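Both chains come to you apart, so use the hints to assemble them.
Residues per chain are reported as follows:
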Amino acid sequence: DAKTTQPTSMDCAEGRAANLPCNHSTISGNEYVYWYRQIHSQGPQYIIHGLKNNETNEMASLIITEDRKSSTLILPHATLRDTAVYYCIVMEYGNKLVFGAGTILRVKS
Amino acid sequence: DAGVIQSPRHEVTEMGQEVTLRCKPISGHDYLFWYRQTMMRGLELLIYFNNNVPIDDSGMPEDRFSAKMPNASFSTLKIQPSEPRDSAVYFCASSPDRLNNYEQYFGPGTRLTVT
Numbered sequence: 005d006a007k008t009t010q011p012t013s014m015d016c017a018e019g020r021a022a023n024l025p026c027n028h029s030t031i032s033g034n035e036y037v038y039w040y041r042q043i044h045s046q047g048p049q050y051i052i053h054g055l056k057n058n059e060t061n062e063m064a065s066l067i068i069t070e071d072r073k074s075s076t077l078i079l080p081h082a083t084l085r086d087t088a089v090y091y092c093i094v095m096e097y098g099n100k101l102v103f104g105a106g107t108i109l110r111v112k113s
Numbered sequence: 002d003a004g005v006i007q008s009p010r011h012e013v014t015e016m017g018q019e020v021t022l023r024c025k026p027i028s029g030h031d032y033l034f035w036y037r038q039t040m041m042r043g044l045e046l047l048i049y050f051n052n053n054v055p056i057d058d059s060g061m062p063e064d065r066f067s068a069k070m071p072n073a074s075f076s077t078l079k080i081q082p083s084e085p086r087d088s089a090v091y092f093c094a095s096s097p098d099r100l101n102n103y104e105q106y107f108g109p110g111t112r113l114t115v116t
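Protein chains in written order, with the numbering used here: chain W, 5 to 113; chain Y, 2 to 116.
Bound conformation, chain Y alone (with noise of 0.2 Å):
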């Protein structure tokens, strides 16, 4: 198993651009996370899926930031318009089943910075 795989690993891009984080999550998991991880906030969650659908955005910051899952293989966020505030490293996770999702699987992470 390939694990979960997030792209791209790095992420450059000037303030008021868009950017987009991918994530391919473990075959066969119905559950998936996007974390967010910075030196002065920790590891936070942001939102998570069950089956493609969103259960929970509490963790999303504001508006500018989106997350979608079209099927069971892929997911995005997408943050617009970025801001210098946005740096940090984005994990997406993934879990097999709701009896079994505190054994969440993560990806290697995107680190992303806005100049």
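Chain W on its own, in the form it takes in the complex (with noise of 0.2 Å):
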């Protein structure tokens, strides 16, 4: 599966946009992009996920470039309740998550 760079962390004002960057320079044309987040002591929560096409669902929004080679996820109005390690994963359909380091986002009011 593709290397994901994603930085180590970011902040965002609460209310504002989250915008997280993941670049997957290796993408493979049969590799999705898959997000996870960790709220601190708990674990992994599936978040979005895509294949080339931008995709929304409650929670965010994903933007993958035409060529593929990055993406960015979007929370729309982050709360107090967003800040998390989010993790940017890239491999098969059917393959096993294998997460890195994530983006550590803080979320300040």
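What the hints contain is simulated information worked out from the structure, not anything from laboratory work.
Here the structure is a predicted model, which is why all the values come from computation and not from measurement.
Heads up, some of the hints might be wrong.
Stated by the list, open to error - With a cut-off of at most 27 Å between alpha-carbon atoms, the simulated DSS-like pairs for lysine-lysine come out as follows:
hint, chain 1, residue 1, chain 2, residue 2
1, W, K73, W, K100
2, W, K7, W, K73
3, Y, K69, Y, K25
4, W, K100, Y, K69
5, Y, K25, Y, K79
6, W, K73, W, K56
7, W, K56, W, K112
8, Y, K79, W, K100
9, Y, K25, W, K100
Laid out in structure tokens, this is it:
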């Protein structure tokens, strides 16, 4: 599975959009982009995934560039409860999830 | 739905003792995963089951670790004998089926401390 690169940490003001980037320049055609998050002292939580089209659900939006070499997870109105580690994972459908270091998102009031 | 249930939530034991962690997956889920999380190594997949059968145990650190799934609603992860380096948070997760196994539902974890 392709490797991903994420910033170590980011800050976001409460109520503003949080945009979390992920680089996956070696992604192959049949690999999906998945996002999970882990709030302190809890298990990881699935957020969203996509192949090449932009995706939106009740939690977030996923924007994938046309060349698929990078993506951005958008939390439209961040709250304090969104403070967590966000993991971007690239893998083929049905493969095992491999978690990297992720991005620590701190939402501040 | 109660979600994935793990017990105990915290376990403190002495080196050399046997430790058994328990997991009840979400009803109807075909896949069950065991992960370990430490500050040094992050979140690692240890083993996963499909329909109660172990599919991939390549992440199990050594023979001291064993996992079983005697039925669709129960799994155990056993460490015998335990060592201080086994101290970690152990997560169990389940997912509905192979086509959707990217969407894994994690339990609250068991924090293991081996002294």
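To see whether the hints hold, each was checked on the structure:
no.	hint	in the structure
1	K73/W x K100/W	holds, 21 Å
2	K7/W x K73/W	holds, 11 Å
3	K69/Y x K25/Y	holds, 12 Å
4	K100/W x K69/Y	holds, 19 Å
5	K25/Y x K79/Y	holds, 15 Å
6	K73/W x K56/W	holds, 10 Å
7	K56/W x K112/W	violated, 32 Å
8	K79/Y x K100/W	holds, 22 Å
9	K25/Y x K100/W	holds, 20 Å
Of the numbered hints listed earlier, the single one contradicted by the structure is hint 7.
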